[in-house]
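Take the sequences, apply the hints, and build the full model.
Now for the letters of each chain:
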Amino acid sequence: MSAAFNIMTIIAVSAGAFFFFAGTIGLLRFPDTLTRLHALTKADNLGLGFVVLGLLLQAPSIRDGLKLVAVWLLVLLAGATVSQLIARIARQDGASG
Amino acid sequence: MNAAVVFGLCGAIAIGLGLYGLITNPQPLRKILAFNLLGSGAFLFFGVVARRGAAVGLGGDPVPQALVITGIVVAFAATALAVALLLRLFEMTGAATIRADTRSSPADDPEA
Amino acid sequence: MTIASTYEVALAMIVLGLAAWIITAQKSFAAAGGFVAYGLLLPLVWVRLGGIDVALAEAAIGGGLSGVLLLGAAARLGTTETAVVAERPGVLVRLLASVLSAFIALSLAAVVLLLPDPGPTLAPAAVENSAATGLGNPVTNVLMAFRAMDTLLEKVVLLLALIGIWSLVPDRFWGGRPGMRHEADPRGVLAFLARLLPPLGIVIGLYVLWVGADHPGGAFQGGTILAAMWLLVMMAGLMDAPPISRRWLRLTLIAGPGIFLVVGLGGLWLGNAFLAYPSAYAKPLIVAIELAMTLTVAATLGLLMAGVPERRA
Amino acid sequence: MTEFFTGALGFILAMFALGLVRVLRGPSDADRMMAAQLIGTGGIAALLLLGAVTGEQAAVDVALTIALLATFASIAMAKKGTSRLDGDRRDTMEGT
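Chains A, B, C and D supply the protein sequences, listed in that same order.
Quick note on this note's numbering: the first sequence kicks off at 1 and runs consecutively.
Quick note on this note's numbering: the second sequence kicks off at 1 and runs consecutively.
Quick note on this note's numbering: the third sequence kicks off at 1 and runs consecutively.
Quick note on this note's numbering: the fourth sequence kicks off at 1 and runs consecutively.
These are computed hints drawn from the structure, not numbers from a lab.
It should be emphasised that the depicted structure is a prediction, and the values quoted were computed from it without experimental measurement.
There is no bait here: all hints are sound.
With beta-carbon atoms standing in for the labels, derived distance ranges:
#1 H38(A) to V56(B): 48 to 58 Å
#2 V21(D) to S5(C): 17 to 27 Å
#3 G55(D) to P118(C): 13 to 23 Å
#4 V21(D) to H38(A): 17 to 27 Å
#5 F30(A) to T2(C): 28 to 38 Å
#6 G55(D) to K27(C): 38 to 48 Å
#7 V56(B) to P284(C): 25 to 35 Å
#8 V69(A) to W248(C): 34 to 44 Å
#9 A22(A) to E128(C): 47 to 57 Å
#10 V91(C) to V56(B): 51 to 61 Å
Idealized CB from N, CA, C, for every residue including glycine.
Below is the structure:
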């Protein structure tokens, strides 16, 4: 059972790392602010989401698991708000940057 | 090389950088930033001392760690006071400089 | 080199890269942005050094409050920047400064390499005496009992800084409301966040205070989180900063150090020493002080951030 | 498992360093804010993994604190030292 959990953890954390990679590459390579914002949200939501999922399988107690989920939810909330603020600034700057 | 050595060296360089910024940058706000950088380097030093005192199942000596927490509070209080002084200076003179002789003209500040 | 120390070196390099950016960046606003990132990274370093309590404090202050304070000041001072940059000292001064800084950095690096490893430690003494307070977190024990005088004075310093800021107020605004009146669309994204986040934040702040008895956490870290939630509500324009002349505000500001002082004097009266807790009541007394301290820290930090009173009550 | 977590930690840290390049280069404030956001999230992921590596459960509490407070810097950047968000009312009326 523990071996299966370990394999699932490895898969999930690797997927999370991949989304961080994709988000960072997008942030560096995409041509304008709004497409870069699109790339960023992938790293935020999915990257951290998969890392949390992977660690959830290793959590020693329910309380630790709940805290992990709370971290992810807080980041989702923050990400959604900040994305709005960023998009607004980008539009005022002419969305070219 | 263990964590204490790596981050101790890191703290030493941060102190050097902070000191350089504190001396050479004429903008008071940048001096405040440099001062905070210098302070965080000094805190890392305490972290090294604490780490090397790890014993009886603790990750570090709690006494230097407690001192750092006190230090962080005091550094924040000093930063807040410095920023308030700076903003007040700006409000009164229209410039943010601490040099008495070369005060720039408050041309674009309506309050001055 | 093991995989763990590779990671440590990489982390140290990023931290130093940011430190160099904070010093050399052209614009203060960009430098302050770098400082925020620096403040978000330092907790990683502190976790690695085994100081979780410090990591919590550094995350709450460095990554949160200090960053907001400095970014706000940098934005307000943005127009003055070009005039002051011209005052940059000459080449000779800069050269001397870099020699001096390099010398100090190198000496400190030598000290790091020469310090005994493992070094002298008070950890066994702290653990041995933890039974006296009944608390399981050694750092809280040091802060609240073994070196309680430091913590008391630290809170007094916070108050002095606040008095310093308040003493800058022009006479006509004395007793008024600090900082500017923030406005935001009540149906906008900021107001939405400021309604949703504080209830969660208050729970987390109290949780951090509560676990501080036996695990990393404590009054200062919890109070900082509460202060941040208060600030968020003010920044979203949902609530105005209170006039500084309000009695409840003044009472909150002195509650923490006040109770600390009363308990300390009680220790003197009961025949032990100043700040000596009677051992039967050590834990409840410390928890009471910490609760009052959390409220005081939250109020003091919030007002330190709000700044000089600039409007009538 | 510890080796794997440390490796993942190093990888995310490397991504973090690349994201910093964007903060430093800008060019616009929006780009800087995005990079700051990425750094916050990456830092949280790194802390969670670090907690798993060192077995230090309280690292999650640090991550929780950062998750709660990382938004503040972004809001301060967006407000640019003024009392209101630029174009606030107009934007929301259009249903964004």
